[in-house]
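Chemist: Residues per chain, in single letters:
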Amino acid sequence: MHFIWEGLQQAVHMILHDNGELRHILWVTLHVGVVATVVAAVVGIPLGLLFGLGSFRGRRIGVALLNAGLGLPPVVVGLIVALLLFRGAPLGGLEWIYTVEGMILAQAILALPLVAAFTATAVGAVAPALLDQARALGASRRQVYGLALREARVGVLGALIAAFGSAVSEVGAVVLVGGNIHGQTQTLASAVLTEVAAGEYGTAIAIGIILLGLIVVCGGMLTAIQQHGTGDDEGAPWFRWRAS
Amino acid sequence: MSAPARPPAGAVAPAPALAVRGLTVRRGRLEVLRGIDLELRRGEVTVLLGPNGAGKSTLFGAVMGSIEPAGGRIEVEGRVAAAAQNAAFARRGVRANVELALAWWGVPRSERPRRAAAALAELGVGGLAERPARVLSGGEARRVHLARVLAVRPDVLLLDEPFAGLDPTARADVLYDLAAVLRDEDRATCVVVHDRAEAWALADRVLVLLAGRIAASGPPAEVLERPPSPAVARFLGFSGEIAIGDEVLMLRPGQVRLDPGGDLGGEVARKIPVEDGVRLELAVAGGRVFAVAPSPGPAVGERVALRAEGGIRFPRAAP
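In order, the protein sequences belong to chains A and B. Counting along the first sequence from 1, when you hit position 10 you're at 10 in the working numbering, and nothing is skipped either side. Counting along the second sequence from 1, when you hit position 303 you're at 303 in the working numbering, and nothing is skipped either side.
Pulled out of the complex, with its shape left as it was, chain B reads as follows (with noise of 0.2 Å):
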């Protein structure tokens, strides 16, 4: 796998290997999408996010054509492939198991051994690959997982939320492997995070799925950092908001100090101990913000000066 190949200032872009225009899909009279608008390109990882319930695995059904669309229309060039969110296997080997898949995608039995060898060392299984697949741990049968739908090379490639139900340690792992082999210049590729650190190591671009609608699309600087809405800020992690004149400033824990020579002032409302100290929610004119301060961190109840170092800022009327 080599590194996107990028088309010249001025050229025109290729056709998306994936395009989704106006998607409507609906579950009785509720509609689970709403116009959904959505170009894959060919060397492109777009992450997605989206809170439980907006859509994203409606959106990947509808593409695979196992949920049946109400409306718009889904052009594929090439063919689609999709890992699900549970790494389930059959009842063999690690190898046979990815080998099945490849019998599935239609791969002739002389390559498939090849191939499935290298996708497992791509992922670093291929020391398990005569294992029994349902005695791997949780983080090795996700990498056998991953391995198995990258050794099809599809032209579209979803994945469904590749690191859910994984410890930490073994998420961080996964994480940056995956980073490591998922651009492929031929290949289009969407997977559904939920961290924000996850969309910043995989994407080169970020959709924001909120209820049913795309509410942002991006570089992740852009969306991740200047988010296009107050809905859209929350659910990325501005959590803090402080109402300034007709403006509201959006702030995450990261951007809000403790500091006695700050300009805002707050009380502390609640104190709940973190891995990295204690996470401080301030009441303060005009809002609520937090903070993250080091042990043991002030009292509940009381006053401190604070500063706040960035954030965004949207009209008070803005969705």
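Okay, chain A solo, but in the shape it has when bound (with noise of 0.2 Å):
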């Protein structure tokens, strides 16, 4: 408990007086989860769509490698994105090794899976009255997939909040391919290991706890967003679904 104490004052501290290092450090979490996420919702929520709602071969097949991905071990991602990004590598090209970009792109394939199974389970739970009525009445495939959408929102929220969450808190894959550079790759979760492997459990458990904050924050925003969505409303007017 006295470790937990000091690390919280510490935490007050660091707040308080930084000199723009933990401001950097969260600034790279925050970039790092943010675009990983919207990365993992653009092409994750389609993809969610299409194995809830569509009838194709395979489907079942998509559907049980989507679950599979929620198992995936962000070390094996983080190297395998690593080894890609290797100059010389297929992706080498792109020079994202050891950089932020890098870091997105490992953290968008662990969010992907996420987003994209919890979509297919929120989707397929709609009413199927609904998207049969819907058609009925001359809907496109693209109107009933929207419809879907906006009434498994809270659902696909709650994916979207979860994507966040590993994406801010990972550290495996962050450490394999941003190379945890103090100053620029560094993230709030990366920056509790080396503080830890260096014996500074005062600073470790501050940073943690500023971690946890971000967390507590982003995510009850995001709550907040998904709670609105729940009534027979016309929802949040952030929110809002307007046929076309």
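Hints were generated in silico from the structure; no laboratory data involved. Just so it is clear, CB atoms sit at the ideal spot from N, CA and C, and this is done for glycine as well. It is possible that part of the hints are untrue.
Chain A regions said to be covered by chain B (calculated; three or more residues, Cβ under 8 Å) [as the list claims (entries may be wrong)]:
{"#": "1", "segment": "119 to 133"}
{"#": "2", "segment": "141 to 155"}
The calculated label-pair distances, taken between Cβ atoms and stated as ranges, are [what the hints assert, rightly or not]:
{"#": "3", "chain 1": "B", "residue 1": "A121", "chain 2": "A", "residue 2": "V38", "range": "40 to 48 Å"}
{"#": "4", "chain 1": "A", "residue 1": "A64", "chain 2": "B", "residue 2": "G127", "range": "46 to 54 Å"}
{"#": "5", "chain 1": "A", "residue 1": "S140", "chain 2": "B", "residue 2": "A121", "range": "22 to 30 Å"}
{"#": "6", "chain 1": "A", "residue 1": "G71", "chain 2": "B", "residue 2": "A121", "range": "19 to 27 Å"}
Using the hints, build the complex out of the two chains.
Modeler: If you want it as structure tokens, here you go:
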């Protein structure tokens, strides 16, 4: 308990007397988390819609693969991404090894099955009678998918919350791809690792508390949007679906 | 909406809005629909009657394109909309749900509020426009469901059991309100119902679908009062049958009266209390008939005299 109290005090001190170092780590963490979640959403939500609502050969295998992807080991993903990004490797030309972009790629790969699998489950649970009625009234496939997504928005936002949480707190892939370079690719999670390795447990706890605070604040904001959309009203104004 | 304009005598009938020719649908080796010929004309309400499993929903599915036929042709002049049995709504208000349907149909955004309001008012639910759709009662939900499909103004409208799941009072209310707004000279309408009374209230023409075939087709008075075959008669409530020579006399319970001066004799085989008295199953020479009598009615095993009023006769060999 002493360590935690000391860490809490140190966390407050770091926040109040930050010389820019903490701000940079925080920025890298948020940058990686937000962009990786957006990339995973842009790719994963359409994939989830396709696997949740489509009827085509191989759909079940696809869903099984997405579900298996929920258990992807971050260290293995990080290793493969790093090997692909090394100079001379297939993606070496991107020059993303030991960069924030490389970390975003690794985190997006880890978050993608999470977003896609949860979206597929959420839209698959939308009442088939509603979707059939939409088709019977001339709705296009795009409109039916839009309707399903809007109806399943609570589940889909849940997937995004989980994806963001994973992207900001994951450490294995981030260290392997980003190199945990102080002042460049260090995130809050990888900074905890560095401090622990250096025996600075107080600082590690302080950074851990800041990371937890970040997750609580961002997760809380997403949850507020999610819960706002659970009623039978038009939903949150920034999440309103306009049929065209 | 206005009453349909009837063509003058001798005029050539306009092309049907929907024509189904020789439609066959298979599920595996089973033929669910066999050689269905059907025409729906604008301004006409066709009621489709049939027992569960007769193929009514399959017929609608084939017309909507969600079920692939094994044979035959479906020709549509215009667009088809259908209202499914279950009134499922998006998590929105009533008005928003109707406007959403109009959006799916392709109605310009500027027209949607006016058309949604008009359709809701027509079905008597204009006052519920801002209420969340998922808190509606069964009858309200059914009215909003119907308003939604009427609002899109299709050329062909298919309604699959629009009164399913409603209590008798709500059922009657929705039936009479729907009957008042359903007929439209620009629209051909087909409604699946289970009940003869509903068919009487709605139909210009009645079709009876039995075991995947159209077993009867014609005006309500013709089909419901003079069914063309014993199988159709049985389905339409002619449950009593008496063999008389080479013929079978088929009777509805309302056509059999207990009458001390009656020319038929029978014995009460079963007695079941019903709303209007007791329903009697009576064994008579050559068959069995049903009658409704005031309570308490004769005891089981008691012999009674009967009079048959009306009924319909078929040759005994008829299917």
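Chemist: It remains to establish, for every hint, whether it holds in the given structure.
Modeler: Results for each hint:
Check on the segment 119 to 133 of chain A: 5 of its residues sit with their Cβ under 8 Å from a Cβ of chain B, so the three-residue criterion for coverage holds. Here's how the segment 141 to 155 of chain A fares: 4 of its residues keep a CB closer than 8 Å to some CB of chain B, so the rule of at least three is met and the hint holds. At about 45 Å, the beta-carbon gap between A121(B) and V38(A) stays in the expected band of 40 to 48 Å. Between A64(A) and G127(B) the beta carbon distance is about 50 Å. The supplied range of 46 to 54 Å therefore holds.
Hint check: S140(A) to A121(B), Cβ distance near 29 Å, so the stated range 22 to 30 Å holds. Distance hint check for G71(A) and A121(B): the Cβ-Cβ separation is about 55 Å, which falls outside the suggested range of 19 to 27 Å.
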